[in-house]
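Chain by chain, the residues run as shown.
2 protein chains.
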Amino acid sequence: MSKLLIVGTVAFDAIETPFGKTDKILGGAATYIGLSASHFNIDSAVVSVVGDDFPTKYLDLLKNNNINIEGVEIVEGGKTFFWSGRYHNDLNTRDTLDTQLNVLADFNPVVPESYKDAQFVMLGNLHPLVQLSVLEQVNDPKLVVLDTMNFWMDNSLEDLKKVISKVDVITINDEEARQLSGEHSLVKAARKIEEMGPKYVVIKKGEHGALLFQEDQVFFAPALPLEEVFDPTGAGDTFAGGFIGYLARTGDISFENMKSAIIYGSNLASFCVEKFGTERMQDLSAPQVDERLLAFKKLTQFETQLH
Amino acid sequence: MSKLLIVGTVAFDAIETPFGKTDKILGGAATYIGLSASHFNIDSAVVSVVGDDFPTKYLDLLKNNNINIEGVEIVEGGKTFFWSGRYHNDLNTRDTLDTQLNVLADFNPVVPESYKDAQFVMLGNLHPLVQLSVLEQVNDPKLVVLDTMNFWMDNSLEDLKKVISKVDVITINDEEARQLSGEHSLVKAARKIEEMGPKYVVIKKGEHGALLFQEDQVFFAPALPLEEVFDPTGAGDTFAGGFIGYLARTGDISFENMKSAIIYGSNLASFCVEKFGTERMQDLSAPQVDERLLAFKKLTQFETQLH
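One line per chain: the protein sequences are A and B, in this order. The opening residue of the first sequence carries number 1 in our numbering; numbering runs sequentially from there. The opening residue of the second sequence carries number 1 in our numbering; numbering runs sequentially from there.
Treat the hints with caution; some may be incorrect.
One copy or two, it doesn't matter: identical chains are merged, so the pair holds either way.
As the list claims (entries may be wrong) - In the EDC-like style, the derived pairs of lysine to aspartate or glutamate whose C-alpha atoms are separated by at most 20 Å in a straight line are:
hint: 1; residue 1: 57; residue 2: 106
hint: 2; residue 1: 63; residue 2: 256
hint: 3; residue 1: 297; residue 2: 256
hint: 4; residue 1: 192; residue 2: 279
hint: 5; residue 1: 57; residue 2: 252
hint: 6; residue 1: 79; residue 2: 154
hint: 7; residue 1: 188; residue 2: 228
hint: 8; residue 1: 3; residue 2: 227
hint: 9; residue 1: 79; residue 2: 291
Just so you know, the hints here were simulated from the structure itself, not pulled from any lab data.
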């Protein structure tokens, strides 16, 4: 069975939406990626760092979802990374209220010996140098997927470009793709980003779905139209976790199979936004995911009577 | 064979985009709808009005595309409706520079005797009272599709609601759906609009595609990702023309067949935006449309290895 190695934050979030607000709850890119990918019953491990203020029950939650946490360093006397944000009424935009890097500031990721041969590597959103360090510790992975955001384009562009040049797939949102490429057209943006290294470019458009590009091929997965988005936090990470989780489970990294992987990513992300934080992902059952896959088919599949 | 009756403007447009500008060129909702629907070789007719400044070559263009123009009134001494607009750099928004109603101000539509039994009726964007008048002149159509815009919501809401209560399908854009329903969620907006009369609600999202709703069923058609959108003028009308044209051609108004109709609408609209005005629609060949249908299939169709 394929092994999936995930690097990213394991953190505290405090979230405000038009529907309510939370205290410090479980968050972090690696948390969402791990919970999402765990749906595929693969052998996965998280590399991250937390402080000794991080509750054991959260670590147990990861373990109980078959996520190896040997690579999650617990810093004695340290405090866990904390992010706080408030979403606007349309839930498409948000303000960051507080960011406390804490133990993340000096994070030196250590990949557990037993995951250096991971065939699938997910570089979740983090400082590009941390992502690079993880890449240097793994042997010859079959597929490396990078997620990043505009913060690193603004602050560490050269380091980011180094990582981008070494990965197979990059997932970023539409505005970030435009910023990174200098192109407004997403078709042109994807082509320019491919020239920077990745063979595949995934552009996330939030409620407008996601595009997968490889050379002149393109695939589109819609977001499921929902009555209400409750909390978008972690949707992008959950999408990425579903994407790489499906690829790791099937072991097939063809463009055709990536189409399904994108659909599974959208499928899992559509659950993530239904409740605060990771709540919905914690009680998600396989039949629920299967049923929603059917909804995605109905939403997108058609047969014409002409031609 | 089914007959399609179209009411809407036949007009002059002057367009500015980041790529250039035009003099007065052929425009108008009925023009775009007619040219798009003509791809399906159906028996169609346009009801509209122009002044005697309207070039014969434009009327010939419609005739040469097998569009009956008996119902296009030519007002002696009158001037044709004129619209002028400038698109912003992202091509998603535009400013109206000039609107001259001219002969449209006193338009009394007359449906030709031979099209009163039309099975398919397309009410293109126009004053709701004109749309109502056309509806009153037709016998028992199989399907009536309404296109409208926020201008009528702002200025003639009660008249608009009367038309909405009498049609089978309404096509409007996302912001208009939100305005009309008072709901931000498009799922909720569609449900509220269905309660106003239409059995089917089509929400157009421009470059983000289109959604088709009927009760708890939903279908999504993406816009084709293009390297460059040259001129978006008429894309929504071309979409509507492709939608109803496909339905008229196949004679099947089931939800399943509407899925294909939406795809054909998106297909034809993707050509419309490639050149200024109606230029691309004039030289569009059937094989080109067929080839792009294949592109839409590649863009959206998938098969999973799990489940």
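- Hints violated by the structure (listed by number, smallest first): Violated hints (numbers, rising): 1, 2, 4, 5, 6, 8, 9; every other hint is consistent with the structure.
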